[in-house]
Amino acid sequence: MAELICQMCGKPNPKDQEVCRHCGARLTPLEAAPPEDTPRENAELPSSFEVPVQPDPGEDDDLSWLDELREEDSDEQTGRIIPEPLDDEFEEDEETDWLERIQRLNTEQEEDLSVEDQGSEGDFPSWMTAELGDPGVPESEPAAEEPSEPDLPEWLQVRTDELGLEPSPAEEREQFFGPEQEREPEPGPEPDAVPEPERKPAPEPDQPPLEEPVQEELSDGEERLDRFQETPEAPEGIQTEPADRDELEKPAPPLDEEQDSAAREQEEIPERTSRFPSWASKIQPGQESPQDWEDEDEDIPEDLQFLAGFTAEDEDRVDKKPAELPAEEPPRQPERTVDPFAMEEEEEEELFDDLFEEDLPSWLTSAVDLADQPAEETISPGDLPGWVEAMRPVVEQTDPTGYSDEEEYIENYGPLAGISNILPAEPDIETAPEDDKAQSSMSLSVSKTQRDYAELLEKVIARESKVRAVTEPEALPTQRILRWLITLVLILSLSAVIIFGGGSEQGEAAFQAERFAGATALHEIIGDLDQADPVLVAFDYQPALAGEFHYTASGVIDHLMSRGAYLSFVSTQATGPTLAEYFLQSTQEKHDYTHGLQYLNLGYLPGGGAGLLSFSIAPQTIIPLAFDGSNAWDSPPLEGVESINDFSLILILTEDPTTAKLWVEQVQTASTPPMGMIVSAQAEPLIQPYFQTTPRQVSGYVAGILGGYAYENLSGEPHLAHAAWLPFNTGILITASVIFIGGLANGILTLYRRQRGTEGGDYS
Amino acid sequence: MNLKFRALISTAIVIGVGVIVLAGYFLPAITAVRFILLRAGLVLAAVALLVGIINLVGIHLRKLSSDQSNSGYSLILVIALTITLIVGAADMFQTYMFGKPNFQMIKWVFTYIHLPIETSLMAVTAVSLIYAAAYILRERLNVFSIIFFFVIILVLLTSFSISSNLLPILQSARNWIVGVPALAGGRGLLIGVALGSIATGLRILTGIDRPYGG
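If you read the protein sequences in the order shown, they are chains C and B.
Position 18 of the first sequence, counting from 1, maps to 18 under my numbering, and the rest follow consecutively.
Position 149 of the second sequence, counting from 1, maps to 149 under my numbering, and the rest follow consecutively.
Worth flagging that the hints you see were computed from the coordinates, not collected in a lab.
Where a beta carbon is used, it is the ideal one built from N, C-alpha and C, also for glycine.
Please note that the accuracy of each hint is not assured.
Pairs of lysine to any residue residues, derived as SDA-like cross-links and limited to a Cα-Cα distance of at most 25 Å, are as follows [stated by the list, open to error]: (1) B:Lys63 - C:Thr594; (2) C:Lys590 - B:Ser66; (3) B:Lys107 - C:Lys466; (4) C:Lys466 - B:Val109; (5) B:Lys63 - C:Glu589; (6) B:Lys63 - C:Arg468; (7) B:Lys63 - C:Gln598; (8) C:Lys590 - B:Val109; (9) B:Lys107 - C:Arg468; (10) B:Lys107 - C:Ser630; (11) C:Lys466 - B:Ser69; (12) B:Lys107 - C:Ser465; (13) C:Lys590 - B:Ser71; (14) B:Lys107 - C:Glu589; (15) B:Lys63 - C:Gly629; (16) B:Lys63 - C:Ser465; (17) B:Lys107 - C:Ala469; (18) C:Lys466 - B:Ser66; (19) B:Lys4 - C:Arg468; (20) C:Lys590 - B:Met105; (21) B:Lys107 - C:Ser586; (22) C:Lys590 - B:Ser69.
Derived contacts from chain C toward chain B, CB cut-off under 8 Å, selection only [claimed, not checked]: (23) Lys11; (24) Pro12; (25) Pro14; (26) Gln588; (27) Gly757.
DEER-style ranges, computed between Cβ atoms [what the hints assert, rightly or not]: (28) C:Ser465 - B:Ser65: 25 to 31 Å; (29) C:Val467 - B:Val47: 38 to 44 Å; (30) B:Leu50 - C:Glu455: 54 to 60 Å.
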């Protein structure tokens with residue numbers, strides 16, 4: 001059973017398969033007629049007329065003979081794809097049948113051409129117009145009947161080598177005769193214009209009789225056959241079997257003559273005379289040797305009378321042995337076959353030129369020269385031959401991305417072009433690199449897109465490696481003006497108020513009880529202290545906030561000193577001990593407290609929460625000495641104090657809610673004394689929860705200058721909070737005004753710009 | 001757990017100390033052990049402060065030697081730290097050895113150098129905050145920005161010494177803001193911090209987190 005070898009994947013398929021069951025590629029060419037409305041301009045012109053195209057039956061009914069030939073030769077065509085062992089007996093029947101068909105077609109074409117000359121479209125015959133690029137013309141011959149060597153895909157050659165298949169002479173003959181049989185019935189009015197229709201003008205009205213070109217085609221067909229016999233050394237992977245070609249080797253001498261003519265083909269074409277090998281002129285069914293053919297010269301039918309041009313001289317040359325040939329002529333190598341793919345485009349054109357001449361075609365005569373040329377030099381692997389491209393399913397697609405409207409991917413490049421539902425490949429992978437450098441075997445073969453990406457990446461990396469000076473955005477002049485304006489307003493107004501204003505009177509402001517509940521509670525606790533009660537005061541605020549805390553805590557500390565309490569200072573911050581000393585010196589000089597007598601500075605308590613916990617457990621052990629190095633626990637302020645519970649009050653001065661939380665968590669217990677706090681205004685929201693619990697974890701607190709002012713009002717003794725009250729209020733008023741005016745102006749400006757659809761900008 | 005030998009020891013120490021200190025809150029019998037551990041931690045914290053100072057000096061000395069930009073500030077820092085250290089050491093020597101008034105020189109440095117600098121920085125921060133508050137509606141004009149803007153104005157105005165009788169509505173609004181949303185927010189923050197502390201403590205006690213390495 002014959003099998004079809006897929007040209008894409010190289011795997012065998014049943015003969016009746018149209019599509020490869022392994023890769024999905026089409027095994028047989030499309031033969032359906034295209035839609036008539038398909039514009040011809042959209043179709044790709046074949047590179048050369050190597051693709052035998054079956055004309056549209058609707059256009060030329062006279063070409064029905066092609067269908068007949070196709071039916072008869074269908075098995076042979078499939079045999080081209082699947083090389084089979086060469087039959088020992090080369091059938092002369094095929095040759096004679098072929099000649100008979102030529103004879104029959106010759107008569108038919110005379111009639112057809114006479115009709116076509118009377119006015120077909122554009123003065124071109126239908127078969128020619130079909131090849132001129134009608135996109136809808138189906139491809140009738142998928143196999144490499146006449147592929148040009150540069151267009152030969154590499155995979156196609158490799159397939160033959162890998163499979164170890166050897167094209168039999170019968171196959172090769174079919175490869176050559178197949179297209180000829182299809183072209184012969186369609187001779188144009190100007191046969192020389194067939195290979196290059198786009199460069200040839202329309203046929204002249206006064207053309208020679210059509211019989212001569214037809215005879216030339218027929219002679220070329222025989223010439224092709226002759227050249228097929230005198231094959232040079234076949235390319236790798238293709239071997240011949242000379243034992244099977246006895247009948248073909250016998251008429252070889254005239255082919256040697258044609259080898260010589262291949263070199264002179266260009267000059268001699270106009271001067272050629274009708275020559276034909278004797279074996280071809282004598283071939284008849286049933287004959288097995290050239291001697292038999294010679295006996296039947298008179299039996300040549302009229303249609304093959306053009307073969308009579310084969311003169312006696314030619315016959316002599318045919319009879320010459322290789323040794324008698326000129327020295328420059330290479331000996332005939334009948335055991336070699338011609339690689340049909342190893343043909344250049346020029347020779348293809350010559351081939352078609354020769355088809356319409358009486359002389360033998362040049363592709364037969366130049367077979368040896370062609371074989372001497374290395375095929376690898378002219379093969380461009382990335383290019384597909386025209387016949388392969390013609391095999392593609394015709395897909396109307398305008399989307400360059402390769403996706404159809406249904407988002408179905410259709411390959412646009414490579415041998416799988418036109419096939420849908422495949423994995424998309426990089427389009428430029430199939431394209432050859434531009435420069436020779438990229439084609440070097442030692443360098444990477446990259447596509448243009450990949451090279452563009454690489455260059456882009458290189459630029460990005462190079463840009464990153466460059467050291468660029470980062471220029472800070474300069475503030476706009478209006479911003480600078482605004483900042484300086486705010487600063488000047490605050491400085492001038494507050495200075496004026498401090499210098500010329502003065503303090504406030506007690507009870508000037510009415511305070512709500514619920515707002516200053518913390519201050520009131522702390523005031524009550526301090527008011528309950530007795531003389532010489534030990535009070536632990538923690539200075540845990542930063543020096544930057546000394547201004548606020550001095551004004552806030554001065555009234556509270558003053559109240560403690562007024563009550564005669566012994567104060568012990570401790571701090572969990574390194575600057576706390578010095579800050580405590582500074583506070584006493586700057587705010588409580590009037591009480592004349594002496595270190596070691598009324599107060600004691602215990603210094604710095606390291607360890608954060610652990611230090612506080614340790615201090616709460618055993619204060620004497622943790623801080624045995626005072627800040628000045630004296631024995632702290634023997635001094636009057638700490639006399640009788642052995643634990644944290646012996647203090648009458650714990651007062652924490654901090655601006656940090658975390659520090660306050662640590663004191664509450666690590667020191668404050670059910671048995672500890674009440675804990676009061678003096679905090680910054682910013683920490684008040686986080687201190688409130690400790691105060692508003694039941695029982696209170698923070699017994700009372702004073703927050704900010706406003707709280708200090710309230711506490712001083714409660715104590716009845718104006719202190720620093722009252723002294724700073726007017727500047728403080730003035731500063732708040734100015735601050736609120738600046739924020740309000742500036743914010744309102746910016747808000748209105750932003751809304752205005754939004755309405756106008758603009759962005760950015762600055763104060764203007 | 002893929003622990004090395006050193007990491008195993010350090011992890012065991014941390015977990016053991018943590019468990020003992022934590023249990024000391026509930027078991028009075030181990031209070032003494034807990035206190036010993038706490039004292040050791042206290043000393044280590046003080047030493048860590050000293051180590052931190054040494055590291056700071058080393059970093060700025062390297063900046064000086066490498067001739068980097070802004071190395072002048074490093075020079076100022078090293079000089080100031082050296083001077084303060086010498087003054088403090090001398091002050092401590094005088095106080096402890098000769099019984100002179102405690103730390104007079106270091107008090108001078110603090111009163112006339114340290115405190116004014118930090119207070120000035122806070123004053124500059126106040127001006128910057130005022131400018132930022134005025135500019136907030138320029139950067140982003142949305143509902144939250146507008147609310148934030150007017151809350152600032154409200155709190156500032158209610159801190160003003162205008163009698164609450166003149167602006168009773170504003171005062172009530174301020175009390176509501178401080179007593180309800182601010183208090184709720186503060187409590188939420190504290191609860192969140194507490195939960196995070198518990199989770200972190202448990203992870204350290206179980207050895208999941210090993211900030212000490214290993």
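*Looking back at the hints listed earlier, which ones does the structure fail to meet?*
Numbers 1, 2, 3, 4, 5, 7, 9, 12, 13, 15, 17, 19, 22, 23, 24, 25, 26, 27, in rising order.
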